[in-house]
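Assemble the complex: chain A is given as a structure, and chain B must be docked to it using the hints.
Protein chains: 2
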Amino acid sequence: MRYAVLGTGVVGRAVAGKLASLGHEVVVGTRDPRATLDRDDSFAGWLHEHETVRPATFAEAAEGAEAVVNATGGAASLAALTAAGAENLAGKLLIDIANPLVFAEDLPRFEPVDTDSLGEQIQRAFPEAKVVKSLNTMNADVMVDPALVPGEHNVFVSGDDAGAKQAVTDLLVSIGWPRESVIDLGDITTARGAEMLVAAWLRVSLALGHHTFNFHIAGARRG
Amino acid sequence: MRYAVLGTGVVGRAVAGKLASLGHEVVVGTRDPRATLDRDDSFAGWLHEHETVRPATFAEAAEGAEAVVNATGGAASLAALTAAGAENLAGKLLIDIANPLVFAEDLPRFEPVDTDSLGEQIQRAFPEAKVVKSLNTMNADVMVDPALVPGEHNVFVSGDDAGAKQAVTDLLVSIGWPRESVIDLGDITTARGAEMLVAAWLRVSLALGHHTFNFHIAGARRG
Numbered sequence: 002m003r004y005a006v007l008g009t010g011v012v013g014r015a016v017a018g019k020l021a022s023l024g025h026e027v028v029v030g031t032r033d034p035r036a037t038l039d040r041d042d043s044f045a046g047w048l049h050e051h052e053t054v055r056p057a058t059f060a061e062a063a064e065g066a067e068a069v070v071n072a073t074g075g076a077a078s079l080a081a082l083t084a085a086g087a088e089n090l091a092g093k094l095l096i097d098i099a100n101p102l103v104f105a106e107d108l109p110r111f112e113p114v115d116t117d118s119l120g121e122q123i124q125r126a127f128p129e130a131k132v133v134k135s136l137n138t139m140n141a142d143v144m145v146d147p148a149l150v151p152g153e154h155n156v157f158v159s160g161d162d163a164g165a166k167q168a169v170t171d172l173l174v175s176i177g178w179p180r181e182s183v184i185d186l187g188d189i190t191t192a193r194g195a196e197m198l199v200a201a202w203l204r205v206s207l208a209l210g211h212h213t214f215n216f217h218i219a220g221a222r223r224g
Numbered sequence: 002m003r004y005a006v007l008g009t010g011v012v013g014r015a016v017a018g019k020l021a022s023l024g025h026e027v028v029v030g031t032r033d034p035r036a037t038l039d040r041d042d043s044f045a046g047w048l049h050e051h052e053t054v055r056p057a058t059f060a061e062a063a064e065g066a067e068a069v070v071n072a073t074g075g076a077a078s079l080a081a082l083t084a085a086g087a088e089n090l091a092g093k094l095l096i097d098i099a100n101p102l103v104f105a106e107d108l109p110r111f112e113p114v115d116t117d118s119l120g121e122q123i124q125r126a127f128p129e130a131k132v133v134k135s136l137n138t139m140n141a142d143v144m145v146d147p148a149l150v151p152g153e154h155n156v157f158v159s160g161d162d163a164g165a166k167q168a169v170t171d172l173l174v175s176i177g178w179p180r181e182s183v184i185d186l187g188d189i190t191t192a193r194g195a196e197m198l199v200a201a202w203l204r205v206s207l208a209l210g211h212h213t214f215n216f217h218i219a220g221a222r223r224g
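For the record, the sequence lines run as chains A and B. The opening position of the first sequence corresponds to residue 2 in the working numbering, with each subsequent residue numbered one higher. The opening position of the second sequence corresponds to residue 2 in the working numbering, with each subsequent residue numbered one higher.
Check the hints yourself; a few may be wrong.
[Stated by the list, open to error] Just a sample of chain A residues kept apart from chain B, beta carbon distances all over 12 Å, derived:
1) 11
2) 33
3) 53
4) 79
5) 88
6) 115
7) 141
8) 154
9) 165
10) 176
11) 194
12) 195
13) 221
[Said to hold, decoys possible] Looking from chain A toward chain B, a few residues come up when the C-beta cut is under 7 Å (computed):
14) 47
15) 55
16) 147
17) 150
18) 152
19) 208
20) 219
[Said to hold, decoys possible] One side of the interface only, derived from the structure: several residues of chain A facing chain B at Cβ under 10 Å:
21) 2
22) 191
23) 196
24) 211
25) 213
26) 220
For the record, the hints were derived by calculation from the structure and aren't laboratory data. As the structure is a computational prediction, the values presented were derived from the model and not from experiment. Just so you know, even glycine gets a beta-carbon here, dropped at the ideal spot from N, CA and C.
The following block holds chain A by itself, in its conformation from the complex:
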C-alpha cells in the first residue's frame, strides 16, 4: 500500500517507520522538505536510517498515496491538509492521529470540546475523504509497538465509513494490535471522546512519570 504520512515529528516518524518496516511504500509529507531537512538534523538522520522513506511536499505525498495519515500537530492539521489538497484526499482513507491540544499560553484554537473535534473538522473540510480517527490516545512508541505496555489495552476508531474503519482495524492488527483490542466508538462525532481522553492521558502521564501506558476498557467484552 502507498501511504502518505503528513508530519515529520515524533508521531509521523514512528508511524512512517513502522509502515515502511511492514513493506508499505511511504512518503513523508512536510510543508517544505528542503527547509525541514535544513532546519532539523534529526529528521535528516532519521531519513538516512529509513532509506525507503521519501520526503515530499504535503501535496506530492498525498497525490501519490492510496491512504493518508495526518500526523501533524493538531493546530496545524487543517492547514497541512489544505496544502495537501482536497483533490488528493478525495476518496482516500485519511487516518487522523492528531490531537487538538494546544500547549501555548495564548488562547487555544482547537481546545477539545464536547460539541466538536478535530476529526469532525477535518471530515467537514474534506467531505470526500474517508476520515478515521485513531491512535491519538497513546504515546507514539506505544502506537507502533503496543506490546510495550503489558496486559490488555485498547485503541479506538471513529469514522463514518465502515469500510475505512475496517481497513484501519486491519492495519492496526498488522502493526501488532490484537483485533479484540480495537474498539469502534461509532461515527466521526465520537472522535470527541477519543480527543478529550488525551486530557486525562496528559495528567496520568505526569502522575506516573512515564509514557509507556495506555487506556484499557475493563469489562468491554462483557456486554
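Then chain B, alone, in the frame of chain A:
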C-alpha cells in the same frame, strides 16, 4: 464517620446506601426534602429501604457532617453547595463526584474544558473546603461495587490537600477498591483530565451498549 451526601439521584443513592452499609452515619441532602419526597416516589421507597439514612436540606446535611459528598448534577452543583453553606463546608473533606456534562440542547454552562473543571470551580468557590475529585469516571453501580467489572481497573483522585486525598483513598479501599487501583493524579487542576474522561466514557458506553466497564491504565505500575 458522619457523611452528608448531597443529591438524591442515582449517584447520591448509590453512595449514600454504600456508606450506610459500611456503618457510617449518612444524611442525604436535597433542596427541599418534603418536595423531593412528594415528587419522587422512588426516593421515598429508597429511604424506606435504608432506614438509617435521613433526608435533610443541603444546609442541615452539611452542617452536621464531618465529610460531604457532592453527588448533585454538575450544572446544579455550585448552587447546591452554596445552599449547603460555605461555613458548613469549611475545613471539611468535600468529595466531588459530579460531572460538568450538560445534556441539554441549549448552551452548556459547565462544558468540560482543558482550562478549568467543576472540581476547581468548587475549590475556588469554597476555598476552606478540602475538595477531592474522585469516582466521577464510572457508572454509579461500579463506584460502590468495583468488583462488578472484571480484572484490574482504576479510580482517580485529584486535590490540593494530601490528607484529604489519603482519607478518600482509605474510603475507596473500604468500599472495595484495591489500594493499588487508586491513582493520585495530582492537585485539583488535574480534575480537568478526570472530567474530560467522561466524554470518552459516554462514547464507549454507547459503543458497548452497557455501563459495567471502567478505565484501566495498563502499564501504570511499571514506571
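A quick look at each hint next to the structure:
no. : hint : in the structure
1   : 11   : 18 Å, holds
2   : 33   : 31 Å, holds
3   : 53   : 31 Å, holds
4   : 79   : 19 Å, holds
5   : 88   : 32 Å, holds
6   : 115  : 5 Å, violated
7   : 141  : 15 Å, holds
8   : 154  : 4 Å, violated
9   : 165  : 17 Å, holds
10  : 176  : 17 Å, holds
11  : 194  : 3 Å, violated
12  : 195  : 7 Å, violated
13  : 221  : 5 Å, violated
14  : 47   : 26 Å, violated
15  : 55   : 34 Å, violated
16  : 147  : 10 Å, violated
17  : 150  : 4 Å, holds
18  : 152  : 5 Å, holds
19  : 208  : 5 Å, holds
20  : 219  : 4 Å, holds
21  : 2    : 27 Å, violated
22  : 191  : 4 Å, holds
23  : 196  : 8 Å, holds
24  : 211  : 4 Å, holds
25  : 213  : 5 Å, holds
26  : 220  : 4 Å, holds
Going down the numbered hints, you'll see the structure goes against 6, 8, 11, 12, 13, 14, 15, 16, 21, while the others check out.
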